[in-house]
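2 protein chains.
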Amino acid sequence: MHLEHLAIAVADLDAALRFYRDVLGLTLERVEELPSEGVRVAFLPLGESHIELVQPTQEETGITRWMAKTGGGMHHLCLAVDDIRAALARLSAAGAELITPQPVARPDGTLYAFIHPRSTGGVLIELYQKSQPTSP
Amino acid sequence: MHLEHLAIAVADLDAALRFYRDVLGLTLERVEELPSEGVRVAFLPLGESHIELVQPTQEETGITRWMAKTGGGMHHLCLAVDDIRAALARLSAAGAELITPQPVARPDGTLYAFIHPRSTGGVLIELYQKSQPTSP
Chain A
0 MHLEHLAIAV
10 ADLDAALRFY
20 RDVLGLTLER
30 VEELPSEGVR
40 VAFLPLGESH
50 IELVQPTQEE
60 TGITRWMAKT
70 GGGMHHLCLA
80 VDDIRAALAR
90 LSAAGAELIT
100 PQPVARPDGT
110 LYAFIHPRST
120 GGVLIELYQK
130 SQPTSP
Chain B
0 MHLEHLAIAV
10 ADLDAALRFY
20 RDVLGLTLER
30 VEELPSEGVR
40 VAFLPLGESH
50 IELVQPTQEE
60 TGITRWMAKT
70 GGGMHHLCLA
80 VDDIRAALAR
90 LSAAGAELIT
100 PQPVARPDGT
110 LYAFIHPRST
120 GGVLIELYQK
130 SQPTSP
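Top to bottom, those sequences are chains A and B.
Mapped onto numbering that gives the first Met the number 0, the consecutive letters of the first sequence carry residue numbers 0 to 135.
Mapped onto numbering that gives the first Met the number 0, the consecutive letters of the second sequence carry residue numbers 0 to 135.
No lab work stands behind these hints, which were simulated from the structure alone.
Any given hint could be a false lead.
Examples of chain A residues lying across from chain B (beta carbon under 7 angstroms, computed) [claimed, not checked]:
no., residue
1, Ala6
2, Val9
3, Phe18
4, Pro44
5, Gly46
6, His49
7, Ala67
8, Ser91
9, Leu97
10, Thr99
11, Pro100
Far from chain A, by Cβ distances over 10 angstroms, these chain B residues were calculated [said to hold, decoys possible]:
no., residue
12, Val9
13, Phe18
14, Tyr19
15, Asp21
16, Val30
17, Gly37
18, Glu47
19, Thr56
20, Arg64
21, Arg89
22, Ile98
23, Asp107
24, Gly108
25, Pro116
26, Thr119
Example chain A residues on the side facing chain B (calculated, C-beta under 8 angstroms, incomplete) [stated by the list, open to error]:
no., residue
27, His1
28, Val22
29, Gly71
30, Ala85
31, Ala88
32, Ile98
33, Pro102
34, Val103
35, Gly108
36, His115
37, Ser118
38, Thr119
Heads up, the beta-carbon is just placed ideally off N, CA and C, and yes, glycines get one too.
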């Protein structure tokens, strides 16, 4: 298991990049617009992991409400696992509260699921499984 | 640069370990009592990084006040750098607000410093430099 990414919610992505890229010296890999999730995301590699700077682009999403309450900052961490279904089954059996009890597939074949902060000491945790190459 | 650790502030370290160690499956490396900082810390390796679960053990510390306000959760991230003085000079020249403008030495020779969340999009960031082996 390793930390796949740490997501930081910011009100102004360009201002955040001036700090994380220009001052702190991280590399900006790419910026993605994700209208279906109502966010614009900058990816900055950091060792085996990366930082995601997430700017909400729509009203009335979960992250917009979270930002209104907190002002922004570290929003969730994402752990890469080998077998997300086994991990979710173990969590569920132990009584952990899952926001997505079944893994959700992204278009690129990766799977993700979220664990509720109530079960984790106050941290929104995403689990993530890379897509498996299919046999020829 | 890599993520040295991610610190999660919790009210009950044993309850947090039941999740992070027993359910999520991370390894508990050690628990340290740090009376000088008013905390008890559990270290759980995670790839090249680790998670620190931090339980306040005294009233009237910065972390106690932060927990009273937020309920706990991700408290700070720590970046390992090769040259902390050069990093602080660059941050300072760029107008970043430093909580510790000069690096602070721990007994083991490591150096650390904190950047204020006002300069980082809402994230308390620690910089950390490993102690250098002295020449024989």
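When the least beta-carbon distance from Ala85/A to chain B is tested against 8 angstroms, hint result | violated (10 angstroms)
Problem set entry | Minimum beta-carbon distance criterion (8 angstroms), Thr119/A to chain B | holds (6 angstroms)
Check: Does Ile98/B really sit off the interface, with its C-beta more than 10 angstroms from all C-beta atoms of chain A?
Finding: Correct as stated: the minimum Cβ-Cβ distance to chain A is 15 angstroms, above 10 angstroms.
- Closest CB-CB distance from Val9/B to chain A, is it above 10 angstroms? violated (4 angstroms)
Point to revise | Least C-beta distance between Thr56/B and chain A, which was stated to exceed 10 angstroms | key: holds (16 angstroms)
Taking the closest pair, is the beta carbon of Gly37/B still more than 10 angstroms from chain A? holds (18 angstroms)
| message | Given Leu97/A as an interface hint, is its Cβ closer than 7 angstroms to any Cβ of chain B? | response | violated (12 angstroms)
**Asked** Is the hint on Val9/A kept, meaning its closest Cβ partner in chain B is under 7 angstroms away?
**Response** Interface hint status for Val9/A: holds (4 angstroms vs cutoff 7 angstroms).
Min Cβ distance, Ile98/A to chain B: is it shorter than 8 angstroms?
Cβ of Ile98/A sits 15 angstroms from chain B, so the hint is violated.
Q) Does the no-contact call for Val30/B survive, Cβ to all of chain A over 10 angstroms? A) Since the minimum Cβ distance to chain A is about 15 angstroms, Val30/B lies beyond 10 angstroms and the statement holds.
Should the interface hint for His1/A be scored as holding, given a Cβ-Cβ cut-off of 8 angstroms against chain B?
holds (3 angstroms)
Identify whether the interface hint at Thr99/A stands, where standing means a beta carbon of chain B within less than 7 angstroms of its own. violated (16 angstroms)
Checked against the numbered hints given earlier, the structure breaks hints 1, 4, 6, 7, 8, 9, 10, 11, 12, 13, 14, 15, 18, 21, 25, 26, 30, 31, 32, 33, 34, 35 and 36 and satisfies all the rest.
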